[in-house]
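Trainee: The chain contents come next:
There are 2 protein chains.
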Amino acid sequence: MRILIMGGDGYLGWPTAMHFSSKGHDVAILDSLVKRYWEAEFGAEPLIPVSSIQTRVRGWERATGRKIQLYIGDISTNHRFLYDVIERFQPEAVVHYAEQPSAPYSMFGREYCVETQRNNVVGTLNLMFALQRSAPDAHVVKLGTMGEYGTPNIDIEEGWLDITHNGRQDRVLFPKKPGSFYHLSKVHDSNNLEFACRIWGLRVTDLNQGVVYGIETPQTTMDKDFVTSFHYDAVFGTVLNRFIVQAVNGIPLTVYGKGGQTRGFLNILDTLQCVELAVENPADRGEFRVFNQFTEQFSINDLAAIVQRVGKGLGQDVVVDHIANPRVELEEHYYNAKHSKFSDMGLQPHLLTDDVVARMWETVRQNQARVHHSLVQPDIKWKQG
Amino acid sequence: MRILIMGGDGYLGWPTAMHFSSKGHDVAILDSLVKRYWEAEFGAEPLIPVSSIQTRVRGWERATGRKIQLYIGDISTNHRFLYDVIERFQPEAVVHYAEQPSAPYSMFGREYCVETQRNNVVGTLNLMFALQRSAPDAHVVKLGTMGEYGTPNIDIEEGWLDITHNGRQDRVLFPKKPGSFYHLSKVHDSNNLEFACRIWGLRVTDLNQGVVYGIETPQTTMDKDFVTSFHYDAVFGTVLNRFIVQAVNGIPLTVYGKGGQTRGFLNILDTLQCVELAVENPADRGEFRVFNQFTEQFSINDLAAIVQRVGKGLGQDVVVDHIANPRVELEEHYYNAKHSKFSDMGLQPHLLTDDVVARMWETVRQNQARVHHSLVQPDIKWKQG
Chain A
1 MRILIMGGDG
11 YLGWPTAMHF
21 SSKGHDVAIL
31 DSLVKRYWEA
41 EFGAEPLIPV
51 SSIQTRVRGW
61 ERATGRKIQL
71 YIGDISTNHR
81 FLYDVIERFQ
91 PEAVVHYAEQ
101 PSAPYSMFGR
111 EYCVETQRNN
121 VVGTLNLMFA
131 LQRSAPDAHV
141 VKLGTMGEYG
151 TPNIDIEEGW
161 LDITHNGRQD
171 RVLFPKKPGS
181 FYHLSKVHDS
191 NNLEFACRIW
201 GLRVTDLNQG
211 VVYGIETPQT
221 TMDKDFVTSF
231 HYDAVFGTVL
241 NRFIVQAVNG
251 IPLTVYGKGG
261 QTRGFLNILD
271 TLQCVELAVE
281 NPADRGEFRV
291 FNQFTEQFSI
301 NDLAAIVQRV
311 GKGLGQDVVV
321 DHIANPRVEL
331 EEHYYNAKHS
341 KFSDMGLQPH
351 LLTDDVVARM
361 WETVRQNQAR
371 VHHSLVQPDI
381 KWKQG
Chain B
386 MRILIMGGDG
396 YLGWPTAMHF
406 SSKGHDVAIL
416 DSLVKRYWEA
426 EFGAEPLIPV
436 SSIQTRVRGW
446 ERATGRKIQL
456 YIGDISTNHR
466 FLYDVIERFQ
476 PEAVVHYAEQ
486 PSAPYSMFGR
496 EYCVETQRNN
506 VVGTLNLMFA
516 LQRSAPDAHV
526 VKLGTMGEYG
536 TPNIDIEEGW
546 LDITHNGRQD
556 RVLFPKKPGS
566 FYHLSKVHDS
576 NNLEFACRIW
586 GLRVTDLNQG
596 VVYGIETPQT
606 TMDKDFVTSF
616 HYDAVFGTVL
626 NRFIVQAVNG
636 IPLTVYGKGG
646 QTRGFLNILD
656 TLQCVELAVE
666 NPADRGEFRV
676 FNQFTEQFSI
686 NDLAAIVQRV
696 GKGLGQDVVV
706 DHIANPRVEL
716 EEHYYNAKHS
726 KFSDMGLQPH
736 LLTDDVVARM
746 WETVRQNQAR
756 VHHSLVQPDI
766 KWKQG
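In order, the protein sequence lines correspond to chains A and B. Residue 1 is where the first sequence starts when you use our numbering, and the numbers rise one by one after that. Residue 386 is where the second sequence starts when you use our numbering, and the numbers rise one by one after that.
Keep in mind the hints are simulated off the structure, nothing from the lab. We put the CB at the ideal spot given by N, CA and C, even for glycine. Mixed in with the good hints, there may be bad ones.
What the simulated footprint calls covered on chain A by chain B, stretch by stretch (three residues with Cβ under 8 Å from a Cβ of chain B suffice, anywhere in the stretch; the number is not a length) [said to hold, decoys possible]:
no.: 1; segment: 120-134
no.: 2; segment: 197-211
Heads up, incomplete: computed chain B residues facing chain A, CB under 7 Å, no partners named [what the hints assert, rightly or not]:
no.: 3; residue: Asp540
no.: 4; residue: Asn577
no.: 5; residue: Ile584
no.: 6; residue: Ile765
no.: 7; residue: Trp767
Use the sequences and the hints to build the structure in full.
Mentor: Here it is, written out as structure tokens:
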């Protein structure tokens, strides 16, 4: 299958590209590389040095004999570039990771908020128009986030909700209450995409993904050039990655507030599995399909306790610090999010065992010298504007 | 009260500015004048010539002795200008009409879609940041549209919905299913504003306004320079205005498809009344309040029949034509939208009587020579992309 990975230079995009290429698909990567610039703005360095995308792709061809095509350009500011790529490559599936992915980044001030929403919303609009123009049958697998839902007091369904109101019934998009300008950009995308399915008959799978953890996939470990960008900093890092880096370095874990915040989580290996299941079982023409993509729910306190326990087993004392919450969010709440659709399709989850954490711990330990302690303290506060 | 009218050069903005000024408020208008450019792109001329905003404001001062301050600039591309206006004028209320207001415009192609969403979403984001920075206590009265809801098979509540799901309860934003990229931009705005109320404690009233009809307010008729822009064309005109222009000119009324499409409608006089009620009874700090702003529901066929009946009384045969629907929408559907909040606050509706239509008919007849027949045929098709 011809699969276009948009954002194929990123934490998940690059492993996804290698994954599909190793399965024999015809893979192309599209990326603007602007994420590397955003990281530079905050001095956020990945834990393990990341090669250039050109080096990665060349190395991949050398190691496997498989070619990954590379298109460098910005889909949000240069729609002609995107039109050309879609026209020439004629993708059967588009996996769309090409967005600004950080909630704190989007909350750093007006420019960052506007840049996040402009980049994400306009890039996705341009993709919709490019497909409608040259590849209307292509299946879009769009990365959204569980954070779009917020923490409602009712069960979270997978995208759509069957509703009865005053004795009448309808099926509606699940009401969302996102927690940052970044999360809002994903909600805007979902609404725009649902409309494109309705009026143009595009086919879209919207993945509301949980928080991803993990560094390694079968491909990233093949060569130092295939490593993916593992962030532990307070801007681009996700919580479990950050906790393990803190623990290994003897820094107290920074739990925001009470720590009862509960979210869905998944291993990077399951991101690959889910995206593959979605690609192999496309949405119908005109269908806007939503899957909740995570395998387990944890509270932040749960995760801190797991890291503490694994540390103890490895002879390291881990201190847990409850710091003032930089975000505006409920710290104790109901949370029950459905995630049966991928299970029904055959997902075999990689759960968060102590062994998994210990293996991450070991990888982090080997790269301990590169950790910048100052990067893990949150400086971006939701209330400040 | 210090009231800032954003988009104060528009169809509703200018009458709103005069209305508040005549009541003794301290009014300022902010406008980029870009709407005049958008009209020029399509050759859409208002039925009655509209004076420049400078002439309007000078004339208003001459006629009433009341000064309306004027700020010309673009809130979506020049946030420093907006920051300055908010800082200097220190509004107590901001009435925000400053958006691209046409669904067909937003559906004319990629540039128009992107320009609509960028202009509307970024302009509103910039306003949120400007208020948070310099006037966090100001009350925002934001113009949205009933079209954000679409045509669900359940009753439409006013913005929020009390929901019971699997035995648990929550209050959620009413699920929306907008029918154009323009309507989507308003949904994005609502989601962004609700978040700003939650994290910064802004106070916002979101008005989901029905389709407005009418030409005259007590102020627009005072002087030829005070006339407001009445559009009858297929891009910027609303349906009843267009039908009356067609009827007066002996052109068949263009009903899109079956004509069972039902919407909420209101007289321009009730727009003024509703906005005033909202301004005089502000939302609380942190409150995101939603009112459905319309007085009556009609189907498109209902409106055509009314115009036909009024025409008959005036001795003119009116032909109703059902043309291929350029939009993608349900043409027969359930529609029951609540609109009791403004009634509870004291709204005295101006209903759509035959006399009201006859009065509009007469005004249109006096300006009949200026009608361009080609402008009323819809050229913009939802399916074409």
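Trainee: Are any of the numbered hints broken by this structure? If so, which, sorted upward?
Mentor: 6
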